[in-house]
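Asks: Sequence:
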Amino acid sequence: MKIAIAGAGNVGRSIARELLENGHHVLLIDRDPKALKIDSVPNAEWLMADVCEISSLDNAKLDTCQVLIAATGDDKVNLVASLLAKTEYGVPRVVARVNHPKNEWMFDSSWGV
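Residue numbers are given in this note's numbering: position 109 of the sequence shown equals residue 1041, and the series is strictly consecutive.
For the record, the hints were derived by calculation from the structure and aren't laboratory data.
Nothing here was measured: the structure is a model prediction, and the numbers come from that model.
For every residue, glycine included, the Cβ atom is placed at its ideal position computed from N, Cα and C.
There may be inaccurate statements among the hints.
For lysine-lysine, the following DSSO-like pairs were computed, each having C-alpha atoms within a straight-line distance of at most 30 Å [said to hold, decoys possible]:
#1 Lys934 / Lys1018
#2 Lys966 / Lys934
#3 Lys993 / Lys934
#4 Lys1018 / Lys966
#5 Lys966 / Lys1008
#6 Lys1018 / Lys993
Distance ranges between label pairs, derived from CB positions [what the hints assert, rightly or not]:
#7 Asp971 / Pro1033: 25 to 35 Å
#8 His957 / Asp990: 32 to 42 Å
#9 Lys1008 / Asn942: 15 to 25 Å
#10 Pro974 / Thr1019: 28 to 38 Å
#11 Ser972 / Thr1019: 23 to 33 Å
#12 Met980 / Lys934: 11 to 21 Å
#13 Asp990 / Pro1033: 29 to 39 Å
#14 Arg949 / Gln998: 29 to 39 Å
#15 Pro1033 / Glu977: 30 to 40 Å
#16 Lys993 / Leu968: 15 to 25 Å
All chains, please: the whole structure from these sequences, using the hints.
Replies: Spelled out as structure tokens, the structure:
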């Protein structure tokens, strides 16, 4: 299964390692060059891009992914990436990290997240 992970920080890289160990193809996406620690997950595909930009998601070939995991430290970014994945690219399964409990209401099935 091809899985894109938005956010290549500690959480994103940890999820990527687990998925790779279970035989999945993983693409890690982050806009911060400091987060691109390729040696930490060498079997993943890496892309430096902004997951809130359509052109970046086009470059990531998000329409070929079965899952998007929004794992950044910013709830707004996670929500935008999740909604774009679901509505613009038809990604069947979208999972998002909620960093602040007060924002949990935004991440529910009515939004497809």
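Asks: Work down the list of hints and note, for each, if the structure agrees.
Replies: Hints, one by one, checked against the model:
A distance of roughly 15 Å separates the Cα atoms of Lys934 and Lys1018; the hinted pair therefore holds under the 30 Å criterion. Restraint check for Lys966 and Lys934: satisfied, since their Cα atoms lie roughly 24 Å apart, inside the 30 Å limit. Between the alpha carbons of Lys993 and Lys934 the distance comes to roughly 10 Å, so the proposed pair stays at or under 30 Å and holds. For the proposed pair Lys1018 and Lys966, the alpha carbon gap of about 28 Å is at most 30 Å, so the pair holds.
This hinted pair checks out: Lys966 and Lys1008 have alpha carbons roughly 21 Å apart, not beyond 30 Å. Only pairs whose Cα atoms come within 30 Å are accepted, and Lys1018 paired with Lys993 is accepted, the gap being roughly 14 Å. Separated by about 34 Å at the C-beta atoms, Asp971 and Pro1033 satisfy the suggested range of 25 to 35 Å. About 18 Å separates the C-beta atoms of His957 and Asp990, a value inconsistent with the hinted range of 32 to 42 Å.
For the hinted restraint 15 to 25 Å between Lys1008 and Asn942, the CB-CB distance of approximately 20 Å keeps it satisfied. Between Pro974 and Thr1019 the C-beta distance comes to about 33 Å, which sits within the given range of 28 to 38 Å. The hinted range of 23 to 33 Å is satisfied by Ser972 and Thr1019, whose Cβ atoms lie roughly 32 Å apart. Taking 11 to 21 Å as the suggested C-beta distance range, the pair Met980 and Lys934 conforms, at roughly 19 Å.
Range check, Asp990 to Pro1033: about 33 Å between beta-carbon atoms, so the 29 to 39 Å window is met. For Arg949 and Gln998, the hinted distance range of 29 to 39 Å is not satisfied, since their beta carbons lie about 19 Å from each other. At roughly 32 Å, the beta-carbon separation of Pro1033 and Glu977 lies within the given 30 to 40 Å, and the hint holds. Our hint of 15 to 25 Å for Lys993 and Leu968 holds, since their Cβ atoms are close to 18 Å apart.
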